[in-house]
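Chemist: Please put together the full structure from these sequences, using the hints given.
Taking full-length UniProt numbering, the leading residue of the sequence shown gets 1, the next gets one more, and so forth.
Worth flagging that the hints you see were computed from the coordinates, not collected in a lab.
All C-beta atoms, glycine included, are put in the ideal place defined by N, C-alpha and C.
Mixed in with the good hints, there may be bad ones.
Each computed DSS-like pair below joins lysine-lysine, with the alpha-carbon atoms no more than 25 Å apart [unchecked claim]:
#1 K143 - K19
#2 K143 - K131
#3 K151 - K195
#4 K143 - K195
#5 K151 - K45
#6 K8 - K143
#7 K13 - K64
#8 K13 - K45
#9 K131 - K13
#10 K143 - K57
#11 K244 - K195
#12 K64 - K8
#13 K244 - K212
#14 K244 - K198
#15 K16 - K57
#16 K242 - K212
#17 K45 - K57
#18 K212 - K198
#19 K19 - K57
#20 K198 - K242
#21 K64 - K131
#22 K131 - K19
#23 K64 - K16
#24 K131 - K242
#25 K198 - K131
#26 K264 - K242
#27 K8 - K19
#28 K143 - K64
Label-pair restraints from in silico Cβ distances [said to hold, decoys possible]:
#29 Q128 - S72: 38 to 48 Å
#30 R148 - H253: 35 to 45 Å
#31 V230 - S72: 32 to 42 Å
#32 T127 - S69: 37 to 47 Å
#33 T201 - A38: 29 to 39 Å
#34 D217 - Q128: 45 to 55 Å
#35 S72 - T127: 42 to 52 Å
#36 E44 - E241: 42 to 52 Å
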Amino acid sequence: MTYRIALKSDPEKRFKNIKGCLRDEPVQLVVRNISNGADYIHSEKEVEVFSVTTSNKNELVCIKCTPDSYSSNPAVADQVVLFCQPNSSDLGGFLQPNSMNFVTYANVFETDFYAFDYSGYGFSSGTQGEKNMYADIRAVYDKIRETRPDKKIVIMGYSIGTTAAVDLASSNPEGLAGVVLIAPFTSGLRLFSSKPDKPDTCWADSFTSFDKINRIDTRVLICHGDLDEVIPLAHGMALYEKLKNPVPPLIVHGANHHTILSGKYIQVFTRIASFLRHETLVSCRSIEVDSQNSSSKKTTENNE
1 MTYRIALKSD PEKRFKNIKG CLRDEPVQLV VRNISNGADY IHSEKEVEVF SVTTSNKNEL
61 VCIKCTPDSY SSNPAVADQV VLFCQPNSSD LGGFLQPNSM NFVTYANVFE TDFYAFDYSG
121 YGFSSGTQGE KNMYADIRAV YDKIRETRPD KKIVIMGYSI GTTAAVDLAS SNPEGLAGVV
181 LIAPFTSGLR LFSSKPDKPD TCWADSFTSF DKINRIDTRV LICHGDLDEV IPLAHGMALY
241 EKLKNPVPPL IVHGANHHTI LSGKYIQVFT RIASFLRHET LVSCRSIEVD SQNSSSKKTT
301 ENNE
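Modeler: The following block contains the structure:
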C-alpha cells in the first residue's frame with residue numbers, strides 16, 4: 001500500500017480503512033514516496049479526500065484533484081474527468097511526488113480530476129471483484145452528479161479500469177460526455193486467445209467489454225501502445241471497430257503497457273486534452289453553437 005489515511009488534527013492516528021473516519025473530521029492522504037519511503041502530503045487545494053458508499057455497502061476512498069487554473073475553453077470548463085485505475089494499484093501510486101501524477105493530470109487537462117480506490121484496494125472497504133468494481137464506479141459517478149450537477153463527466157479508464165468505464169458507459173448514464181480507454185482489452189478469456197475479436201463469448205468469461213462497447217452512445221477515444229505485451233494492440237483495435245461513435249485512436253509507437261501513462265509519451269496527454277476540447281459531446285455542441293453564431297453574424301452582415 002502506498003498511502004495511509006490520517007486525521008488532519010492527529011496525523012499519527014491509524015485507520016484500517018476509510019469506513020467511519022470521515023464522519024468525525026476531515027482526513028488527508030499521507031503518500032509513501034516509493035523512491036525513498038518518506039511521507040508526502042499534497043496540499044488541500046491540490047487533493048480533496050471524500051468517501052462514497054456503494055450499493056454493495058462498501059465505502060470507497062475518493063479524491064478530487066484541482067488544477068492550478070481552469071481552462072478558458074468553456075467546453076472543458078463544463079467537464080470533469082473520472083479515472084478508473086489499473087489492477088494492483090492504489091491512489092498513492094498515482095500521487096507520487098515529482099512524477100506524472102493525478103495532480104499533474106488535473107493541470108494538464110485544466111479541469112477537476114476525480115479518482116478512487118476500488119473495493120478491497122487501498123483503504124476502501126470490502127473485497128475485490130468484478131461486480132464490486134462496477135458498483136464502485138457507478139457510486140462515484142452518481143456522487144459527482146449529485147455534488148456537481150452543472151458538470152458533465154468524461155470517464156477515463158486504464159487497463160482493467162477500462163472494463164469499469166465501459167460497463168458504466170454502456171448504460172449511457174445522464175451527464176456522460178465522453179470516454180477515454182487506455183490499453184483496453186476485449187474480455188478476460190480473450191486475453192488468452194489469439195483472436196481478441198472472437199465473436200462468441202464463453203459463458204465463463206469476465207470483464208466482457210467486447211459485448212458492451214457497441215452500446216455506448218457517446219464518443220470514445222482509444223489509446224494503445226504498439227509494444228504492449230500485457231494487452232496487445234489488437235484488443236484496442238477490436239474494440240475500436242465496434243464503436244458507435246469513434247474518434248481517431250492514438251497508437252503510441254514504442255509504448256508498452258506500463259509506460260503509456262508514465263509521462264514519457266506526451267502525445268497521450270495532448271491527444272486526451274484535444275478530445276476534451278474538441279470531441280466530447282459538450283465540446284462538439286460548443287463548436288456547433290459557435291459555428292451557428294458565426295454563420296448568423298455573417299448572414300446579418302450580408303443583409304446589411
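Chemist: Compare the structure with each hint and give your call.
Modeler: Hint check:
no. : hint                    : in the structure
1   : K143 - K19              : holds, 17 Å
2   : K143 - K131             : holds, 19 Å
3   : K151 - K195             : violated, 39 Å
4   : K143 - K195             : violated, 38 Å
5   : K151 - K45              : holds, 19 Å
6   : K8 - K143               : holds, 23 Å
7   : K13 - K64               : holds, 23 Å
8   : K13 - K45               : holds, 23 Å
9   : K131 - K13              : violated, 32 Å
10  : K143 - K57              : holds, 15 Å
11  : K244 - K195             : holds, 21 Å
12  : K64 - K8                : holds, 17 Å
13  : K244 - K212             : holds, 11 Å
14  : K244 - K198             : holds, 19 Å
15  : K16 - K57               : holds, 16 Å
16  : K242 - K212             : holds, 9 Å
17  : K45 - K57               : violated, 29 Å
18  : K212 - K198             : holds, 14 Å
19  : K19 - K57               : holds, 10 Å
20  : K198 - K242             : holds, 12 Å
21  : K64 - K131              : holds, 24 Å
22  : K131 - K19              : holds, 20 Å
23  : K64 - K16               : holds, 22 Å
24  : K131 - K242             : holds, 24 Å
25  : K198 - K131             : holds, 24 Å
26  : K264 - K242             : violated, 29 Å
27  : K8 - K19                : holds, 16 Å
28  : K143 - K64              : holds, 12 Å
29  : Q128 - S72: 38 to 48 Å  : holds, 41 Å
30  : R148 - H253: 35 to 45 Å : holds, 37 Å
31  : V230 - S72: 32 to 42 Å  : holds, 38 Å
32  : T127 - S69: 37 to 47 Å  : holds, 40 Å
33  : T201 - A38: 29 to 39 Å  : violated, 47 Å
34  : D217 - Q128: 45 to 55 Å : violated, 30 Å
35  : S72 - T127: 42 to 52 Å  : holds, 44 Å
36  : E44 - E241: 42 to 52 Å  : holds, 45 Å
In the structure shown, a violation is registered for the earlier hints numbered 3, 4, 9, 17, 26, 33 and 34, in ascending order.
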